Every structure is written in structure tokens, then in C-alpha cells.
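Asks: Sequences listed follow chains G and R, in order. Sequential numbering from 1 applies to the first sequence in our numbering. Sequential numbering from 1 applies to the second sequence in our numbering.
Since the hints were derived computationally from the structure, they do not count as laboratory data. Bear in mind that the values here come from a model prediction, so they are computed numbers and not experimental data. Keep in mind that a hint or two might mislead.
Copies of the same chain look alike in the list, so a pair counts if it works inside one copy or between any two.
Below, simulated EDC-like cross-link-like pairs (lysine to aspartate or glutamate); rule was C-alpha separation at most 20 Å, straight line [what the hints assert, rightly or not]: (1) 42 x 126; (2) 64 x 137; (3) 42 x 88; (4) 90 x 41; (5) 23 x 107; (6) 110 x 19; (7) 90 x 75; (8) 110 x 20; (9) 45 x 107.
Each chain, letter by letter, is given below.
2 protein chains.
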Amino acid sequence: MEQAGNETSSGQANRIAFDDFAKVEMKIGRILSADMVEGSEKLLKLSVDFGEDSPRQVVSGIAKQFVVIGKSVQEGDEGDAEQESEIETKTISGLVGHSFVFVTNLEPRKILGLESQAMIVAGTGDAGLALMSPTIDLPPGTSLS
Amino acid sequence: MEQAGNETSSGQANRIAFDDFAKVEMKIGRILSADMVEGSEKLLKLSVDFGEDSPRQVVSGIAKQFVVIGKSVQEGDEGDAEQESEIETKTISGLVGHSFVFVTNLEPRKILGLESQAMIVAGTGDAGLALMSPTIDLPPGTSLS
Numbered sequence: 001m002e003q004a005g006n007e008t009s010s011g012q013a014n015r016i017a018f019d020d021f022a023k024v025e026m027k028i029g030r031i032l033s034a035d036m037v038e039g040s041e042k043l044l045k046l047s048v049d050f051g052e053d054s055p056r057q058v059v060s061g062i063a064k065q066f067v068v069i070g071k072s073v074q075e076g077d078e079g080d081a082e083q084e085s086e087i088e089t090k091t092i093s094g095l096v097g098h099s100f101v102f103v104t105n106l107e108p109r110k111i112l113g114l115e116s117q118a119m120i121v122a123g124t125g126d127a128g129l130a131l132m133s134p135t136i137d138l139p140p141g142t143s144l145s
Numbered sequence: 001m002e003q004a005g006n007e008t009s010s011g012q013a014n015r016i017a018f019d020d021f022a023k024v025e026m027k028i029g030r031i032l033s034a035d036m037v038e039g040s041e042k043l044l045k046l047s048v049d050f051g052e053d054s055p056r057q058v059v060s061g062i063a064k065q066f067v068v069i070g071k072s073v074q075e076g077d078e079g080d081a082e083q084e085s086e087i088e089t090k091t092i093s094g095l096v097g098h099s100f101v102f103v104t105n106l107e108p109r110k111i112l113g114l115e116s117q118a119m120i121v122a123g124t125g126d127a128g129l130a131l132m133s134p135t136i137d138l139p140p141g142t143s144l145s
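The shape of chain G in the complex, shown without the other chains (with noise of 0.2 Å):
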């Protein structure tokens, strides 16, 4: 099938064909580790399992939504008040040890020097940046369609 190239009764210009939606590979992907990219604010380098020989490294620019900043004191010795000192703390939270939905079959991409062997599937509304995942537990690899 073409695609029609001009608006639908439902007044959409960009249909496709079934075929063009089947070329695209969807998988469930269960993250084993997630870290800060050095020299990014932005970035996570996942480490994403997909059912495969070995995981897979995903970069992704969701660190925004998933690292929290805290703070740590950190005391001086015999807990000399002058002597302590903040700490800025990063964790990631929300992401290891849950699944979440990628495309497999993109070309990887190099992102800051770091290969992106898959993209994971993510919106935004005004309450921040969404992942998608399953209603119940699916395993690592498991096709969506």
C-alpha cells in the first residue's frame, strides 16, 4: 500500500501502511543499570537487558527526570561543626530493576563518544517525562505489537 499523500476522511496527511509500522521492531527492556554520562547533565548511559546474549548500552537524554539531587554533610573529624561540608549528591531513581518499552531495530548511534545500541520510548507533558511500560510483567525481549 501507498500512502495517500493528501488528507483522510479523518483529515490525516500522514497515514501508513501496516507494513511501514512492522518494520519497526518494539521490545520490552528490563534495566540493569543506569548512570550519569560524564559531561552531561542530560544523558544516562543504560544498561538495558533485552532477553539478548548480553545487555545492551543505551544513551538517553532522560536524566532529568530520573536523577534526584540531594544533599550530603559531611562532618569534619571529632564532628567539629566548622569543619563540615556540603556534598552534592545524585541518585538515579525509577529506573533499575524496571521495564520499559524501546525500538531494537535503529541504527545505533554514537552520543557524546558512547554507542546507543537502542532508544527507549518516552513523552512529555507538563508533569515532566513519561516511560512507557507494561500493565503486568512481560520478560526482557518480549515483542510488542
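Put chain R on the given structure of chain G with help from the hints.
Replies: Okay, now just chain R, sitting in the frame of chain G:
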């Protein structure tokens, strides 16, 4: 970019370019109503809000996971036990009011004579069929990428 057509370093033969993925329109839809389709055990007819002027009708084979079959006892007149009869009840649970991922620019298709104007994204594992829901609330019609 063209598809390579042969296996790459990570052994994947079915690579697509980002432009191929970008043609697929995925959006958050909020289910306004869900009803059994007459003459089918599998199909549900959904009314789905995509933030457009009017909701779309979506026909989807997800009944098994979301229809709860129960029994209701109908009493005879004056509580006569011999007049009691069991009636099978079907309740659709877990869909109305919830938001899920849909593909919204496929050609509409007719299923049992009903036009389906989007496709709900789903995956199946041992525990059954799962739909994909955003980790935080996103407005109907939010585009995913």
C-alpha cells in the same frame, strides 16, 4: 539512509533508519468507554480520547485479558429457591479511564464491520497480555518518540 540488508556487528538483519521510525505516529490515548463486540469473544470496541475534536473508535482483540466473567444469581418471585437462575455476567475491568500507547496513523481498517481508527500497542507473556502505560500522567494526544 537505506537499510543495509545484511547483518551488522550486533547481528541484526532488519535495521531501520530513524526516518522509518519517525513516520510512525504513537500517542497516548485515554479510554473513555469499552464494550464487547457482538458476535466475538475476543474483540472490544473502545472509544479513545486523543485530544482531538472527537474520540476515535478502536477495535482490538484484547477482550480475554480485560473481561471478567462472573455469575449473578437471579432470584425467583418471593425468594423461591427453585426459581433461582444463574446469569453469566461480563464486566470489563482495567480499561476505562486509563491511558495507554496507541499507533494513530495507520490506515483505518474494518473488523467485523466496525472501523478501527487506531491500534493499541500490546505484548504477550506467560502472564497474559499487557498494554503500555506512561509512568506519569500524560495528557491524551501526547506524542511519543
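Asks: Now tell me if each hint is right for this structure.
Replies: Going through the hints against the structure:
Taking the shortest Cα distances, residue 42 and residue 126 sit within 20 Å of each other inside one copy (18 Å), while across copies they are farther apart (36 Å). Taking the shortest alpha-carbon separations for residue 64 and residue 137, only the inter-copy value of 17 Å comes in at or below 20 Å, while the best intra-copy value is 26 Å. In this assembly of identical chains, the alpha carbons of residue 42 and residue 88 lie at most 20 Å apart only when taken from the same copy (17 Å versus 54 Å across copies). For the homomeric pair residue 90 and residue 41, the shortest alpha-carbon distance inside one copy (11 Å) is at most 20 Å, but the shortest distance between copies (51 Å) is not.
In this assembly of identical chains, residue 23 and residue 107 lie within 20 Å of each other by CA distance both inside one copy and across copies; the values are 13 Å within and 16 Å between. Proximity of residue 110 and residue 19 under a CA criterion of 20 Å is satisfied inter-copy only: 17 Å between copies versus 28 Å inside one chain copy. Taking the closest pair of Cα atoms, residue 90 and residue 75 come within 20 Å of each other only inside a single copy of the chain (19 Å); across copies the shortest separation is 63 Å, beyond that limit. In this homomeric assembly, residue 110 and residue 20 come within 20 Å of each other (Cα to Cα) only across copies, at 19 Å, whereas the closest approach inside a single copy is 25 Å.
For the homomeric pair residue 45 and residue 107, the shortest alpha-carbon distance inside one copy (17 Å) is at most 20 Å, but the shortest distance between copies (37 Å) is not.
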